[in-house]
Every structure is written in C-alpha cells, then in structure tokens.
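Please build the complete structure, drawing on both the sequences and the hints.
Protein chains in written order, with this note's numbering: chain A, 211 to 344; chain B, 5 to 499.
Keep in mind the hints are simulated off the structure, nothing from the lab.
Quantities reported herein were computed from a predicted structural model and do not represent experimental measurements.
Certain hints may be false.
[What the hints assert, rightly or not] Not the full set, but computed from the structure, chain B residues with beta-carbon under 10 Å of chain A:
| hint | residue |
| --- | --- |
| 1 | Lys-115 |
| 2 | Glu-301 |
| 3 | Leu-328 |
[Stated by the list, open to error] Derived CB-CB ranges, DEER-like:
| hint | chain 1 | residue 1 | chain 2 | residue 2 | range |
| --- | --- | --- | --- | --- | --- |
| 4 | A | Ala-222 | B | Thr-111 | 51 to 57 Å |
| 5 | A | Gly-334 | B | Ala-381 | 36 to 42 Å |
| 6 | B | Glu-206 | A | Ser-217 | 39 to 45 Å |
| 7 | A | Pro-327 | B | Val-81 | 34 to 40 Å |
| 8 | B | Ala-499 | A | Val-340 | 51 to 57 Å |
[Said to hold, decoys possible] Stretch by stretch, here's where chain B covers chain A in the computed footprint (C-beta under 8 Å, at least three residues):
| hint | segment |
| --- | --- |
| 9 | 236–250 |
| 10 | 267–280 |
| 11 | 294–302 |
For glycine and all other residues, C-beta sits at the position ideal for the given N, C-alpha and C.
So you can see what is in the structure, the chains are spelled out below.
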Amino acid sequence: MSEIRLSPGEAAILRAALEAAVPAGAGLPGSAADDEVERAVRAFCASAGFSALGAALRLLDVSPFLVPPLRLRRFSKLPLADRVALLEAHESSAFFARRAAVHAFKQVAMLAYYARPDVEAALGYPSPLVRVPR
Amino acid sequence: MSVVRGAAIAADHELAADVAVIGTGAGGAVAAAELAAAGARVVVLEEGAYRRGADFDARPLAMVPLLYRDNGLQAAVGNAVIPIPTGRCVGGTTTINSGTCYRALDTAFAKWEREFGLVDLAQELAPAYARVEAAISVAPVPEPLLGNGERLAAEACRRLGWRAAAIPRNAAGCRGTGVCAFGCPRDAKQATHVSYVPRALEAGATLVTGARALRIETEGGAATGVAAALVDDAGRRTGKRLRVRAGRVVVAAGALATPVLLARSGLARGGHVGRHLHIHPAVRVLALLEERIAAWEGVPQAWHVAEFEREGIFLQGQFTPPTLHAPNLPGFGLAHKERMAAYARMTSFGALISDASEGRVLANGAVLYWMRRADVAKLRRAVALVARMLFAAGALEVYPGVRRHAVLRGAADLAALEAGRVRAADFDMMAFHPMGTARMAADAARGAVGRDGALFACRGVHVADASLLPSSCGVNPQLTIMALATRVAQRIASA
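See the structure below:
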C-alpha cells in the first residue's frame, strides 16, 4: 500500500500528534507514535485520497498560537501534556469544523493503533477468526 | 454466468442488453436477479470489486479501504459534519451492514400515501417483502447469539417496561463472529454478493466489476444505454471505457450516487433529483460496567428498542472492535488510553432517529445537510434514552458522544444532558441509510419517479434503490429497498 509523502517537518508533527493521541503507558504496548502505526496512518490517508495531510499537520502545528489554550511554541515542540490538552481543546471546540478535523484524525490514529494484534491481546480482545473460525 | 473484471478489459468495449443495471447493492442486485430470472438479457455494472467471505479478514484497518466508499469518510456538511458510510464493492452497503431486516413502519406508509399519493403501497409491497424475506432467510437473532451487552440491554428494557425484541436479520448461518460491518468472513449474512448477485449470474446476467457509470445515454427522450469508465480495485481509472446498449436502464447506485448520475446525464429535470435527502442521524453511546462482559461475543446488532418508534426514535444494539470503539471515548492521551484499557468491561448501544430535515446531493457529489432544531432535540432525547437504559443495565459511566457532556456518572449528569442546550455540531454523530434523492410519488409535481420506479423525465430509466423512499421508513431500510426493487423489476419484466 502506498503512503502519503510528508516532509521531515510534517512527519515530526504527525509523530507528535500520534504520541499525544495514544502515548506509551496504561498497560498497553507501545504508542501511536511507533513506526508501524505511523506507516498505517499514512497508508490509510493515501488510500482515502487525503493528499492534504501535510497542510493539515502544518495548521495543527501553528494552532497553539491561534486558539486556546494559547502557547508560544509550535504543537510539535510542546511537552506531551500540553499537546494532549490542545487536542482535547480542539475536540471540545464549539467551532465544528475544528472539532470535525481533530475527530477525523482521532479516528485514523486509533484505527491504526488499536488494530495492532499485541494491543488487541492486551485488551483481552480475541481475534474474531480465532474465536469463531470460518 | 459471467463475471468480467473491468480492469482486465484491454480496450474500449461495448455490450448489448435488454436491461443495464447500475449497482449491486440492495436495489441493483435484486432488480438484476428478478429481471434475469424473467428472461431479460441483463448487464450489471458495479464500480467496486467482487470479494467474498474468504477475502474478509475481520480487521477493520484492512477492510475499510477495501469495502467502503472513500474509506468510510464520505460526509454530509452543513451545521455539522456527518459521516455517512456506504459500501463500494459487489453487494454495496449490504456487504458492510449488520443485516437488520425490518419492513417500513405503518406510519411511513401512511405518510407516503397522504403526502405523495402512494395509495395502498403497503399492501402492494407485501408480496415483495415476503419474497425477499424468504430469499435471504430473515429471522430474529436466536437467543444464544445475543451478545452479553445485548442481554444487559434486554434486561434493562424489561426493568424499564420498554417494548423491545431481538432484531430480524438475514444471517441464518451466523455464529456471532461480530464483524458484520467489515464483511462477513463466513458468508453467513445474506448480503446481495452471496444471495441475489449469484442468482442473477445463474439466471444468465453478466456482471462487470470495476465499471463506474458516467452517464445514462438517451435519444429522443428514451434511454439507449450506459457509458462507464473502467477502474481498478483501488478505483483508479484504467483509461478504457465500456458502453452498454440497452433500452432499459435501472439506476441503483445508492441515494448519494444515483442523483449525481441522473444529473450528469441531464435527467434531473423536475426539481426533485438530488433534493429531499433523508438520513438516520445516529450516535453510538458507550458505557463502562462494573465487571468484564466481553461485549464482542455474539451479534453486535441484535436488540432493538421499539418503544419510541412513534416519536421517530429507534435504539439498536451496536458494538465495535477496539479500533472503532476507541475514537468514541472522550479525550486523548494517557487518560483516554487508561479508559480504553477497560474495553472488556464496556458495552455500547446506538441511538438513531428518523429525520424531518432534508439535505441535498449536488451534481458534483457534495452532500449538504442542515439538521433542524426538532431533529437535534429528538437526537438528544434518543441519546438520553440510551443513557438511561445503560444506567438501568448497571453502567458506572456513560459516554454519550455529546460535547460538554463527555462523561455521565448518574442521574444528575443525565438530567443536565436532557436540559442543556445542544446543537447539531455537538454530537459525535454519524448517519446511516441515505434515502429520498429521487423520491417516488404519484406525479411529477411531488417526486422524480412514479410508484413503479420509472423516471418521469425519461422513458426507459428506472430507479431501484433507497433514492425512491419519499422519507424515512422509520427503521433500517434494506428490506424495503429490496422489496421496492423486486416490484420495479416485475413491472419492467411485465411491460
């Protein structure tokens, strides 16, 4: 499956956003910033024809300067807790386009992370085809 | 019996038929099978690929790009962004739905008679309903296949005194794999790719997959065929064209694509094509329980609360794999992940409404939808009802998918949700079952097609999908689409 091409800067923003979406911890393996998750996100965006991913990431990166909670650093340079707070602020925004954009990101990020077999196993979720063979 | 893969056609190609059918979902496949069985030469065009149970690995990340149009991201835009997932494969949305099979509510037929002149349609459709129900083995979900979450919901409904029952489905051989929305790996669900499409092929129809209909060709006010672009499995054009010469064209591309095709073909005259879009706005409500229930076991959509149908509210069981469950939990970061780690203690249930709002599908495919206040209030009530049911089922926390009400922990939070101001954009909303974009009516003043599915604007063009439904049918429309398509095909065959 092909992937969306991103500049090194855009790739760093994506990784920072993925880590904020699903960081390491909570007894589940890895994080959404792991290579395989990032690759899956890029591949999913490519198959959806979402060529504007790079532009959307650049917008996210400058969003701390533009919307509360205001910060004087780019998103990708913020500590994890601030990145999480910013994503949550977008998610609960009254401006629905902002909310819809971050929700779309959340869907793709979680789709990619929680598809990992080791994560499913840690959740106690058995593969459907193991639980009920064809 | 012939299946041709469009991407394998090396040069521009032409076929001749009595009837060209566009689409293989609930409408197209049924129309094709009925027409082929009646002796017509039928060519069926399908944009997606032909996949079966062996191709379905139950993994959403792989299956969504394979089976969903635009990776499931197609959305209506207006005072909210509302994803409307539909299928792009042989079988259409029947391949990725939950197999729920209800007849339209009496109240819907009464409205259609009153407002659109469709007198006695319920009686006329009854034999077609019965024929389809027999063909796809419709029966209520057997008790052993109810998931644990559904059992809790059933018990809560009994406690609350709500009318509710197991859902009738088209999945006689189901063993509860629980991934209906990603293609049934056992082909137990009688989606059209395993039921009506094989029947159409056995009766002599030709199916061309990877064929994207571009326009309906007409001459002197009558249909002469269909022009299509050939595409590969990923939907990329191969540069080759297919033309089907046919005096009859049945359009069944779904309520979001059929009006686009009609408009591109210059057949949107009359002011109804592309307008009157109805959907079933829906919110998935999640809940955390005290103990592990493993809600993934059994049929994910098996229990239906009919108590509020008269209000246009229907509540249905709904549980998804972790990949699709996680985005519906509030927040991000470690707190979200910790909540998700309790997945085995969670359940969910769907709140759906019949809308009064009307959207529009533009000729370029854009979908506009402005949700009226009455529908917003109705959806809020539907969400609150589900929350009440989940608390009655023992939920510790409920996640209603409503902004400013991310977590409900009891009656006070529920009361705040019921009393607070909510806008359309505040819901984590999806919508299912797009309908009405080429609605049927007794005359051209009120609809785009007659009660036999024939387009008023052009002889020989018939519509046989959810576009026909003049308004919400009050429940999942699959069975009604199939019954209508049966009737449309029978009318064409007898003409």
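Hint by hint, here is what the structure shows:
no.: 1; hint: Lys-115; result: 31 Å, violated
no.: 2; hint: Glu-301; result: 7 Å, holds
no.: 3; hint: Leu-328; result: 7 Å, holds
no.: 4; hint: Ala-222/A - Thr-111/B: 51 to 57 Å; result: 56 Å, holds
no.: 5; hint: Gly-334/A - Ala-381/B: 36 to 42 Å; result: 39 Å, holds
no.: 6; hint: Glu-206/B - Ser-217/A: 39 to 45 Å; result: 54 Å, violated
no.: 7; hint: Pro-327/A - Val-81/B: 34 to 40 Å; result: 36 Å, holds
no.: 8; hint: Ala-499/B - Val-340/A: 51 to 57 Å; result: 52 Å, holds
no.: 9; hint: 236–250; result: holds (count 4)
no.: 10; hint: 267–280; result: violated (count 0)
no.: 11; hint: 294–302; result: holds (count 5)
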